[in-house]
Amino acid sequence: MGLLLILFPLVMAGLALILPSNRWRPLLLPVTALAHSTLTVWILLHPSERTYNESLILDPLGALILLSVTVLYLFSSFYAVGYLRQRMERNNRVFTSSFQAFISLLSLAIWSHHLGLMWVAIEGTTLVTAPLIYFNRSPKSIEATWKYLLVGSVGIALALLGTFFLAYSVSQGGEGTTLALTDLLAAAPRMSPLWLKSAFILLLVGYGTKMGLAPMHTWKPDAYGEAPGVVGALFAGGVTSGAFLALLRIYQIVNAAGQGAFASRLLIFMGLLSMATAGVFMINQRDFKRMLAYSSVEHMGILALGVGIGGL
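Residue numbers (the working numbering): 6 to 317.
Possibly wrong hints are sitting among the right ones.
[Claimed, not checked] Listed below are the simulated DSS-like cross-link pairs for lysine-lysine, each with C-alpha atoms no more than 30 angstroms apart in a straight line:
#1 K294 <-> K152
#2 K294 <-> K145
#3 K202 <-> K152
These are computed hints drawn from the structure, not numbers from a lab.
Starting from the given sequences, assemble the full structure and let the hints guide the process.
As structure tokens, this is what we get:
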């Protein structure tokens with residue numbers, strides 16, 4: 006069932022590319038959302054369905070985020086049908102396909118217990134959400150899309166480098182292991198502290214960029230401001246949730262290695278900086294969607310602060 010949760014939206018995304026009718030393509034969105042919601046509930050009610058292999062495991066933390074994302078996607082899909090019906094002058098082929106591919110890749114990121122696979126899934130969400138920002142095809146929307154791809158790609162590249170550092174810290178500790186979360190947690194006490202700390206800094210900046218933590222938040226106001234409102238909802242509750250979960254996975258490893266205090270200090274700093282930055286820029290903001298973007302920056306700061314103070 007777990008694989009079906011990931012593969013079904015991907016198949017529907019391919020179908021959206023094939024269907025010729027601008028009128029009928031949006032109807033695929035609620036079909037995908039209802040199927041995804043049904044599969045999610047089934048998996049949550051049957052714990053035996055939550056483990057596929059050591060790389061795909063839905064733990065309680067992932068289950069909570071998957072449920073919230075599924076509910077968000079369900080409502081967003083029904084709203085998107087009405088929105089696209091009012092925008093029939095725009096070809097919605099790429100929009101509807103990307104909209105469905107997004108929930109597939111986000112589900113993969115949430116399920117993933119392998120840091121390499123998780124990175125691939127989160128990078129995939131970056132690529133499939135870029136066309137959603139560009140839907141209006143205006144000069145400002147292409148600028149927002151370009152900024153989103155540029156800043157997001159730098160962030161995800163730093164996250165990849167941090168993943169390499171994390172793997173190297175394992176080898177420095179004399180361990181031979183995979184990037185599966187269970188193996189990393191077991192090997193954590195013997196990791197090299199220097200390389201582990203370096204890895205956490207890079208991963209915090211990398212996945213923090215996807216979350217929209219300051220000062221890596223610069224893509225958010227433009228993306229939220231130029232994208233359709235329903236896309237902003239996916240960013241606020243979907244993209245950020247996947248990146249936050251990835252950051253929590255890394256925090257678990259660092260904490261298991263006995264470096265939790267170091268990670269907590271960085272999270273508290275980033276959280277406070279994000280909250281302060283959002284507060285300053287929100288004061289004179291008159292555009293409602295850009296205001297919501299800064300509100301999201303603040304919320305991500307609160308999450309980082311909460312983890313930094315209270316842990317997991």
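Tested hints:
With a C-alpha separation of about 17 angstroms, the suggested pairing of K294 with K152 holds against the 30 angstroms cut-off. Under the criterion of a C-alpha separation no larger than 30 angstroms, the hint pairing K294 with K145 is consistent with the structure, at around 14 angstroms. Between K202 and K152, the direct Cα distance comes to roughly 29 angstroms. Compliance with the 30 angstroms bound is thereby established for this hinted pair.
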